[in-house]
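*Asks:* Top to bottom, those sequences are chains A and B. Position one of the first sequence corresponds to residue 0 (numbering that gives the first Met the number 0), numbered consecutively onward. Position one of the second sequence corresponds to residue 0 (numbering that gives the first Met the number 0), numbered consecutively onward.
Hints in this document: simulated from the structure, not taken from any laboratory. Since the structure is predicted, the reported quantities are computational estimates derived from the model, not experimental observations. Check each hint, because a few of them may be wrong.
Here are some chain B residues the structure puts well away from chain A; computed CB gaps all over 10 angstroms [claimed, not checked]:
no.	residue
1	V35
2	Q51
3	A148
4	R246
In silico SDA-like cross-links for lysine to any residue, where the CA-CA straight-line distance does not exceed 20 angstroms [said to hold, decoys possible]:
no.	chain 1	residue 1	chain 2	residue 2
5	B	K136	A	D66
6	A	K247	A	D315
7	B	K144	A	K247
8	B	K300	B	R228
9	B	K136	A	I109
10	A	K122	B	R2
11	B	K136	A	P367
12	A	K116	B	K144
No residue lacks a Cβ here, since even glycine has one placed at the ideal position from N, Cα and C.
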Amino acid sequence: MFRTIRSRLLAVGILLALSIWALIPTNVTQRVRDPATGRMKDTTVRRVPINLGLDLQGGIHLALEVDQSKGPVPDCADAIQRAARVVRTRIDEFGTTEPVVQIQGRCRLIVELAGEKDPARAKGIIQRTAFLEFRITDMQNKFRDALPEIDKALRLAGVKPAGQAGAAATVTQLFGKDTTKAKAKTPKGKPAPKDTSEANAPGALSSLLFQGQLPGEYLVPEENVPVAESLLARPEVQRLVPRGIELKWGTEVLSRAGRSYRTLYAVEDRPIITGEELQDAKALRDPLTNQSVVTFTLSRRGGRIFERETGRHVNDYMAIILDGRVVGQPPVIKSQIGQRGQIELGAKPLQDAQDLALVLKAGALPAPLTIIEERTIGPSLGQDSIKDGIHAGVVGVGLVILIMVGYYRLSGALAVAALGLYVVFTLAGLAGFGFTLTLPGLAGLVLSVGIAVDANVLIFERIREELQHDKLVRTAVDEGFKHAMSAIVDSNVSTALTAFILYLVGTGPVQGFAITLIIGIAASMITAIFVVRTFYMIWLDRRPDMVTLSV
Amino acid sequence: MIRLFANADYDFIKWRRWAYGLTAAIIIPGFALFLVHGLNYSIEFTGGTLIQVQTAQSVGAERIRGALDAAGIRDAEIQQFGGPNEYVIRARIGTAGTTAEGTTEATAAAVDSALTHSLGPAPTAFTIVRTEAVGPKVGRELQSKAFLAIFFSFIVTLVYLAFRFEWRFGLAAVLATFHDILTTIAFIRYLDLEVSLVVVGAVLTMVGYSLNDTIIIFDRVRENLRKFRRQNLYEILNLSINETLPRSVLTHGTTMATTIALVLLAGEVLRPFALVMTFAIFTGTFSSIYIAAPLLMYIEKRWPGQDARGARIFRHGGAEPVSPPPSPSSPTAPSGTSGGGSRSKAAV
Numbered sequence: 000m001f002r003t004i005r006s007r008l009l010a011v012g013i014l015l016a017l018s019i020w021a022l023i024p025t026n027v028t029q030r031v032r033d034p035a036t037g038r039m040k041d042t043t044v045r046r047v048p049i050n051l052g053l054d055l056q057g058g059i060h061l062a063l064e065v066d067q068s069k070g071p072v073p074d075c076a077d078a079i080q081r082a083a084r085v086v087r088t089r090i091d092e093f094g095t096t097e098p099v100v101q102i103q104g105r106c107r108l109i110v111e112l113a114g115e116k117d118p119a120r121a122k123g124i125i126q127r128t129a130f131l132e133f134r135i136t137d138m139q140n141k142f143r144d145a146l147p148e149i150d151k152a153l154r155l156a157g158v159k160p161a162g163q164a165g166a167a168a169t170v171t172q173l174f175g176k177d178t179t180k181a182k183a184k185t186p187k188g189k190p191a192p193k194d195t196s197e198a199n200a201p202g203a204l205s206s207l208l209f210q211g212q213l214p215g216e217y218l219v220p221e222e223n224v225p226v227a228e229s230l231l232a233r234p235e236v237q238r239l240v241p242r243g244i245e246l247k248w249g250t251e252v253l254s255r256a257g258r259s260y261r262t263l264y265a266v267e268d269r270p271i272i273t274g275e276e277l278q279d280a281k282a283l284r285d286p287l288t289n290q291s292v293v294t295f296t297l298s299r300r301g302g303r304i305f306e307r308e309t310g311r312h313v314n315d316y317m318a319i320i321l322d323g324r325v326v327g328q329p330p331v332i333k334s335q336i337g338q339r340g341q342i343e344l345g346a347k348p349l350q351d352a353q354d355l356a357l358v359l360k361a362g363a364l365p366a367p368l369t370i371i372e373e374r375t376i377g378p379s380l381g382q383d384s385i386k387d388g389i390h391a392g393v394v395g396v397g398l399v400i401l402i403m404v405g406y407y408r409l410s411g412a413l414a415v416a417a418l419g420l421y422v423v424f425t426l427a428g429l430a431g432f433g434f435t436l437t438l439p440g441l442a443g444l445v446l447s448v449g450i451a452v453d454a455n456v457l458i459f460e461r462i463r464e465e466l467q468h469d470k471l472v473r474t475a476v477d478e479g480f481k482h483a484m485s486a487i488v489d490s491n492v493s494t495a496l497t498a499f500i501l502y503l504v505g506t507g508p509v510q511g512f513a514i515t516l517i518i519g520i521a522a523s524m525i526t527a528i529f530v531v532r533t534f535y536m537i538w539l540d541r542r543p544d545m546v547t548l549s550v
Numbered sequence: 000m001i002r003l004f005a006n007a008d009y010d011f012i013k014w015r016r017w018a019y020g021l022t023a024a025i026i027i028p029g030f031a032l033f034l035v036h037g038l039n040y041s042i043e044f045t046g047g048t049l050i051q052v053q054t055a056q057s058v059g060a061e062r063i064r065g066a067l068d069a070a071g072i073r074d075a076e077i078q079q080f081g082g083p084n085e086y087v088i089r090a091r092i093g094t095a096g097t098t099a100e101g102t103t104e105a106t107a108a109a110v111d112s113a114l115t116h117s118l119g120p121a122p123t124a125f126t127i128v129r130t131e132a133v134g135p136k137v138g139r140e141l142q143s144k145a146f147l148a149i150f151f152s153f154i155v156t157l158v159y160l161a162f163r164f165e166w167r168f169g170l171a172a173v174l175a176t177f178h179d180i181l182t183t184i185a186f187i188r189y190l191d192l193e194v195s196l197v198v199v200g201a202v203l204t205m206v207g208y209s210l211n212d213t214i215i216i217f218d219r220v221r222e223n224l225r226k227f228r229r230q231n232l233y234e235i236l237n238l239s240i241n242e243t244l245p246r247s248v249l250t251h252g253t254t255m256a257t258t259i260a261l262v263l264l265a266g267e268v269l270r271p272f273a274l275v276m277t278f279a280i281f282t283g284t285f286s287s288i289y290i291a292a293p294l295l296m297y298i299e300k301r302w303p304g305q306d307a308r309g310a311r312i313f314r315h316g317g318a319e320p321v322s323p324p325p326s327p328s329s330p331t332a333p334s335g336t337s338g339g340g341s342r343s344k345a346a347v
């Protein structure tokens, strides 16, 4: 394998192509704050897919634990899972592009908010107690019936149908597509086909909404969500929303016919029961029907209220609302329910049931969190760090190039060329495996350039020794590579082992450093041994009669 | 063609006692200081609050201290950081006992309001560019983790070297690396550098780098032991160090170039890391030559290996090598090459 120059060049070429492919800017979904509405929305941005750590782009890192100061919490792992679920529902409230919410170990929650500028607000959002309520959806379609009025009011207020001209095109297009593909959902505006507003111009709001599968459920194409939100926030619309009805967005994004939609629910403004009355919830799989089921238990008082309310609402749909967001699809109330009830999720995976149970419990047993660690890095500091790091890197690499070319001449130049590949490979490794570049990682990268040439130095010194013993150039090169190998492998493996331990034991930035070091070691082995060898083969192939080697 | 230290023939091992003395002169006072004062741990380890502020004008640390004193934050230490209008305020848990658990958060807020009071409103008069608030529990965890990391890296290295070389080499390499950790702690103590997670990372990288360096020499020793059957370990060690000397100089040159660039240019946050790395290259190189190699000889003497060549020199009187150097014209050494064939290794 790799005996011929051609096959070696091919291998290097493939590696290089893969690396460049990993580094070309791609579309990345980010959440950004819409300047018009102030809400968060998904957008796609083209950028080089290297994740920058919080210390480089600025942001907040928080570690939270369940507060045990006011009495022990028996099952902290369970409490932290509920807390994580709650923080995830609130993700939209953070002003950040890619929030990270993860459980570390058993009982610790890590929240990373890159680019967040207001730590106090972010902490408030995270530590706020969860609020759970059950509400009946708009069974009489009061909101739907009010839509023509709302559209009219918007027209009077000077809002063009479907807002901006650009958006209008996509809306009408979608409009047609949706009727043909999903017959179950009649597009909004059609339920009253003889309506006057429908024929000539679609209403400003109604053209954004599609009827969902159950009363009070509407689907809004993802890209129209900001427009719909801003329309719904207008006072003339607020005034016309029927009494006793409120609008709540769903947490889920549904995908229909290749389009993604957000759900919007019209629900009664009065909850039939709140999380205070909930005592426990469990997810299980019904052994008889093989369905995923969530069972829940209410307090005695809650049981009485629930019995009365569900008795009045048999066959109605009940939205489960956590922190003002409808979780999942509202289930139908099949019969009167007392202190114990269950929600059937049909054929959905048990995972979904577990998630719903977590939502119910989060509302029932709020987990008070204390912040045990906080790091806030201002965005300017991050930019300065990148600038300084790159500055130091350029100077450091420049010196390395100077030393190598000055000392080893043409061979040194080969090593420098390989060093260029080394940097590309390392960055591609970081991007390809989705690792995060941190400030120590940047230092590790600069440092590893200095260490990376070590393998070449070992090889070149060996070649010099061989040449000194009057070996032929070709033999000297072969022997040089062969004898340097064991030293290169042993020393690199031992360094990689320490870096690996650093990765296992370390946290955050230190792990970033270890990763950069490990990838750097792998890349330097490839370039120093394989690539430089290939360069030599080409060189010797061109000049078979070479007597002296520039090394 | 530039050649540094080509065909060098220095008797490194002869100077081992001087080297021990030098290194003891560095380690012992440093360690005494360390035992008396401890290290300047960052708040990541001690728990506490760090706030980095950037002021519009250069106000001086005194002004900030005055502002904090007025607000009743007395145990904070204030340090200029980088530019003339950047300051770092540190309040460690346990320094004066006032910052207790759970109040690290409150300290940050108190500093903010104290500065607003004294300097003016936040975005114009000053900006807080970095805040770190770490509870004591996290600090304790990190301490034990750092210790574990160093411990496990030793174990893994011992096993790897025992597997690739033999246990005597592994032990010598690990002991030399342990020496490096001691000198580095002394160095950190002398410069009173703040020990943060990143500096611990530098110490661990140093462990890797120093091992790397020792292994390069030991690899040569392993090779030369096979090649020159008649020489004793003293000569083989000297020969191997001399043969790898050009490589050592070159590699340390390039690595040093990058770490010095980091010291000078990479900014205040990375400076302790870069300083420790720069020192690590010194101590790593030094220990590979003057500590690891003599230690290997000592270990060989105490627990002789199969051919007991380490013990030979002691049989024949003192530290002087006795067996003749290999004949200069011995190109047919077992491995087909002879790196040291043309060198004279006669004792001085």
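*Asks:* Hint by hint, note whether the structure agrees.
*Replies:* Right, here's what the structure says about each hint:
1. V35: holds (29 angstroms)
2. Q51: Given that some Cβ of chain A is not farther than 10 angstroms from that of Q51 of chain B, nearest at about 7 angstroms, it is violated.
3. A148: Label violated. Min Cβ-Cβ 4 angstroms, cutoff 10 angstroms.
4. R246: violated (5 angstroms)
5. B:K136 / A:D66: holds (13 angstroms)
6. A:K247 / A:D315: holds (17 angstroms)
7. B:K144 / A:K247: violated (46 angstroms)
8. B:K300 / B:R228: Holds, at roughly 17 angstroms.
9. B:K136 / A:I109: holds (15 angstroms)
10. A:K122 / B:R2: violated (61 angstroms)
11. B:K136 / A:P367: holds (18 angstroms)
12. A:K116 / B:K144: It is violated: about 31 angstroms lies between the C-alpha atoms, which goes past 20 angstroms.
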